[in-house]
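Undergrad: Chains as they are written, first to last, in our numbering: chain P, 67 to 355; chain Z, 23 to 265; chain U, 13 to 419; chain A, 214 to 548.
Hints were generated in silico from the structure; no laboratory data involved. Some hints here could point you the wrong way.
[Said to hold, decoys possible] Over the 12 Å line for every Cβ pair with chain P, so calculated as not near, a few chain U residues:
hint, residue
1, 63
2, 65
3, 186
4, 327
5, 376
6, 380
7, 393
[What the hints assert, rightly or not] Residues from chain U that face chain A, not an exhaustive set, calculated with beta carbons under 10 Å:
hint, residue
8, 128
9, 139
10, 405
[Claimed, not checked] Here are the simulated distance ranges between beta carbons:
hint, chain 1, residue 1, chain 2, residue 2, range
11, U, 213, A, 294, 31 to 41 Å
12, U, 222, A, 292, 23 to 33 Å
13, U, 374, A, 494, 46 to 56 Å
Just so it is clear, CB atoms sit at the ideal spot from N, CA and C, and this is done for glycine as well.
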Amino acid sequence: MVQGVILGVLTAGVYALMASGQTLIFGIMRVVNMAQGAMVILGAYLSYQLFTSFGVDPFLAIPATTAVMFTVGVAVQLIFLRPLHQDDRTQLSVLVTFAVALLLEGVMSVLWSTSDRSINTGYVNASWTVLGYQISLVRLWAFLLSLVALGLLHVLLRRTRFGRAVRASVQNPESARLLGVDADRIAAIGFGLGAATAAAAGSVYGLLYPFNSGSHYDLISQLLSIVVLGGLGSIGGAVVGSLVISVSTAVVASAFSPIWAPMTFFVVLLSVLLIRPRGLFGTAARGAL
Amino acid sequence: MTPLLEVDGVSRSFGSVPALVNASLTVERNSITALIGPNGSGKTTLFNVITGNLRADTGRVRFDGHDVTTARPAALYRRGLSRTYQQARVFSQLTVEENLVVAGGFGLAQLFGRRVNRRDRQRATELIDEFRLGRVADLPAAELSYGQRKLLEFAAVLMSSPTLILLDEPTAGVNPVLIETMEHHIRRLHAAGITFLIVEHDMNVVMRLCDPVVVLDQGREIFTGPPDAVREHPAVLDAYLGA
Amino acid sequence: MSKRNGTVAVVTAALLLTTGCSSPGGSASGDAGAPLVIGASVSLTGDFSDSGKAVQRGYQLWADTVNAAGGILGRAVQLKIVDDASSPTQVVTNYQNLINKDRVDLTFGPFSTLLTIPASQVAKRYGYAFLAPAGGGPKMFEQNLDNYFFVQPAPTVQSGDVFVNYVLSLPADRRPKTAAYAELDDPFAAPLAENVRQKLEAAGVRTVYKQVYPSETMDLSPMMGAIAALRPDAIIAGTQNEDAYSQVKSLVQLKFSPSVLFQSNGANSPMEFPDKVGAGNTEGILSPADWFPGSKAPGSADFTAAYIKKYGGTAQSIDDSSAEAYAVGQVISAVAARTNKIDNKTIISSLHAGSWPTLLGTLSWSANGAPSGEFNLVQWQKGKLLPVFPASVAQASPEAPKPAWGG
Amino acid sequence: MRMRRGVGPVRAAVFFLVLAVAPTFGLAHWLLTMLVFTLMFAVMASAWNLLGGFTGYPSLGHVAFFGIGAYAVVLWFQHHDISSGYEPFLLLPAIGLGVALVGLPIAAIAMRTRADVFAIVTITLLFVGQTLAFNLRDITGGAQGASIVPAPFPADSYEIPFYDALVVLLAVSMGLTWATMRSKVGLSLAAVRMDEDKAAGIGVRVQTVKLLAFCVSVGLTAMIGGIWAYYEGFIYPQFAFDPLISVAMVLMTFLGGRATLWGPVLGAFILELAQQYFAYSLGGSRFYLIAYALVFLVVILVMPRGILPSVRDRLWRRGRRRIVDAQLPAGDGPL
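Extracted from the complex, chain P is given alone in its bound form:
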């Protein structure tokens, strides 16, 4: 039980990181990014490649992978999302980003084949014994890294001019435009940022779990549940959603039965939606960052 909670909390960090990118993209553009999972996996492959070819530690590879993925994110926004018409952008963007996910999956399966990969560093199996409980070193590092990344994201949104512009466009796209915020630029950078968080999370994900080009399907269903649970557009909500989901899953798996673990968070999600259709921290018309 306690072991389950420890695991859950440590895992939540990584999910929070992936989900924060997802929710950031939604907050800025009202786009449900179905490709977030595929971007995470792409990030994992990139750091896998850096590790196997050049021996770069996945944690150290993060600046490089985030930079690459930032570019990918900007490109996706500029090429595929910007041309969409405003009227049915929400519906179409779900499809477009899904197609992007398929595209990335296809590219990944060509580049790395479809077999499972995992990043095996020397310390991947190391663990510490604390009060009789085992804490995996990788998970701890992953957790800390996610906290740092989330912290950076927070600072970026709260303390910089870009952040203010982003928050303004989340609150009210109309007035943001009146204030001279270049919506297209913000959207591109926002999508880039979302992809960058996916890359950071991907490096960590590759250390924790085996992955293949099709792994993104499982991932996206969980990410979507997390962001809907927390409330679309709310980064705080994404963090809380990750905690709820990964702790409940881990506890159910270790104390009850793993076969019902995947069901756990869907049940949590549906019951939350029954009471609050907009999620835990979602707000009616305006987003909240």
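Following the hints, complete the assembly by docking chains Z, U and A onto the known chain P.
TA: Same frame as chain P, but now just chains Z, U and A:
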């Protein structure tokens, strides 16, 4: 006889920001009441509370003698209270005719009947003629000009034979000819016995058309009286110029 | 208005009609000299694609070997391999196309029971023999198809029997007293582990933990944590691939090393397993295998040599799915050699009788296509996967108890 | 709405006549098999359109109901023997009705959310369905899968009963679509799609039509699930609740044209035939996924409203008219 609409001490806030503070208002039968006030004074919020689109935190709303504070918009619509929106909300991919028909209200049984039957068409055609929309009757509303859409939305609310119509800025952003058209229709319908509550920025229109005028400022009602008195009233001047 | 669209639909339909009707009348095999076309749908993309490609290599290798020796009854073997993208819908279409459009002479099976069942029914409908290197789950044999032959030593569920026999062969004081079972919820792994559990319980091994986990479980740590807390003598795991690696990794992190660790799959992968869990952590782990490097079974040496020649690598790098696929071909060659005929009827009637030597050992089949042999038990010893039981094939004696992690 | 009378019904009659007589020309089995799968998707796309196209609620979880239908047939066979082989087809209306009823409370909850969140909630349904199918072993056989006795049809005409049943279902589905478009249900659904709050405010029976569309749509989908299970002879949770089936329905509808009568069917014929054919003939080149995704993207970017509306627009450009479910009014352009 009781007034048609009574708003009594309604408050509503968004988070910590109060939009309406103990606001009250009365609309007498067969009047054209204007609701004016500076930007952000709570006019649209009050509209939304009256029509049931927003729930009041405190206070009561009575329509035609019934307490409708917690009524849903659809229920009020069926009772004869209908509204237009500031940005003219019409169904862009429906034709003008269909926009009228869909506003006409129909029961469960009719749901499975023809999309537009002969009776619908008859009723719609009358309005189309009255509002001179005949040339565009078969076009999707998306093809209309902004002013035509405002006219269409106005015409559509008449499909349900309302007793009270709330118009949210009927003349905003339309050309002078159309302003006259709007005024003409309001007068005509008023003569036919329909009551109006109008949010309007154009003071000339208010002066020509409305009596009484209600002034809202910072969520409070600060003045109610005939249009001539509005211009001289110190509180009103304060509200518009002072803040 | 959209008359054009209607027209498009009609034209499309008409086109389909004509192409459909004009499909070749096809000559029903038999001419000597004409190539022997064998069709197979294999998962080259999608969930099962890894093993799918290994199966493809096995088929191809057999075809090359046979053709180098003059073909089958003088007919060159020609493979037509198509992709089913791991989809049950596509696999049906593919065998339909292979049989009725391309009129192949024989069909070989796809990968996985899940795809084999719908595919074998199509083959059955048109009287084709269906030899499959994969598809040994219980549901497959419940179909009672007389054209189906599972080319492995035993139904997958019984591949743990060899482990049970090994445990029972130990003197009572060296047998594990308690066992924990972790079972992947798929058509093979969980029934396999259940089969082992029932037999071990009957033999007095107490079950202290039993849990089934779904296939998409990425994180097995919670379950392995629960097992480690109970400190069982043996962990018996019904596994596939990645979950086997994850289990070992979790146990290493939890610093718990049971004295017996049996994994039904994954651990018998000679290259990937040490790569994924770390070579130092493989020592002493047990797994069943039909083919293993250095096997003395008929044709094994030729197969190994040919494989390395064509695809490179070492004997250690050969996936046993390739060997199983190769064995399918061996069986066909054997039928041709014994009967001097190569048609589906002959194949079906021949294979229900007698025994057939392959590189997986000597195979024979019951009426529903279930083979009646036994697997071998292999164990990791000093970085190599060696057969340790039964004694007839053993290349080393079993190492027990399993040493601590890291060597 | 003055339509060009006669053209629609004639087109439909020709289409269904061709479909109905096609097998009597002795179509090869492989072709019939492809047509069977294509028709399945045509019905499902058409059913999806009733909800996703007309109402604008993009369900990504329809396959959950497909799976329920599939398992319903399995369940039935657990307690009954097969005799004529037609029993599962006779069972279909009951499955459709049953699943429509099951869908009612689900719709009531799910449709509390709007477009994007609704899409996600329906994805959740899919995974709930899959997990239940895996875990309710006594009913579904869990991860062992469940097999169905093969239909006792002669090999020569094995596909025909499936084919015929699907043609009937396609007629039903398109008939319902046509009836929807011509009735006030369609008018109400269109209003919901364009501005649900406003529609509710003017007394449109928003809830009723939404739930109706959902239930009819999932009921039809479930019936296809039943036929699919029977045709495959073996089902497995991952296959019966395959997200890609959901995606296919959406994609076909978008490709052909949302909220049109023929669009989803056209989309299904193009996509499913192409997919089945290319996966077979191109022999699993890994570039297949990339090509698929690129086609998908190009279609959405170039023809965001689908083939039919875009083509019609182009043909009637001088009319500058938008057609969604409003049929084009007759006559020549605006005055």
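Undergrad: The structure should be examined with respect to each hint, and the outcome stated for every one.
TA: Okay, the hints, checked on the actual structure:
no., hint, verdict
1, 63, "10 Å, violated"
2, 65, "8 Å, violated"
3, 186, "29 Å, holds"
4, 327, "20 Å, holds"
5, 376, "34 Å, holds"
6, 380, "30 Å, holds"
7, 393, "21 Å, holds"
8, 128, "9 Å, holds"
9, 139, "8 Å, holds"
10, 405, "31 Å, violated"
11, U:213 - A:294: 31 to 41 Å, "36 Å, holds"
12, U:222 - A:292: 23 to 33 Å, "30 Å, holds"
13, U:374 - A:494: 46 to 56 Å, "39 Å, violated"
Going down the numbered hints, you'll see the structure goes against 1, 2, 10 and 13, while the others check out.
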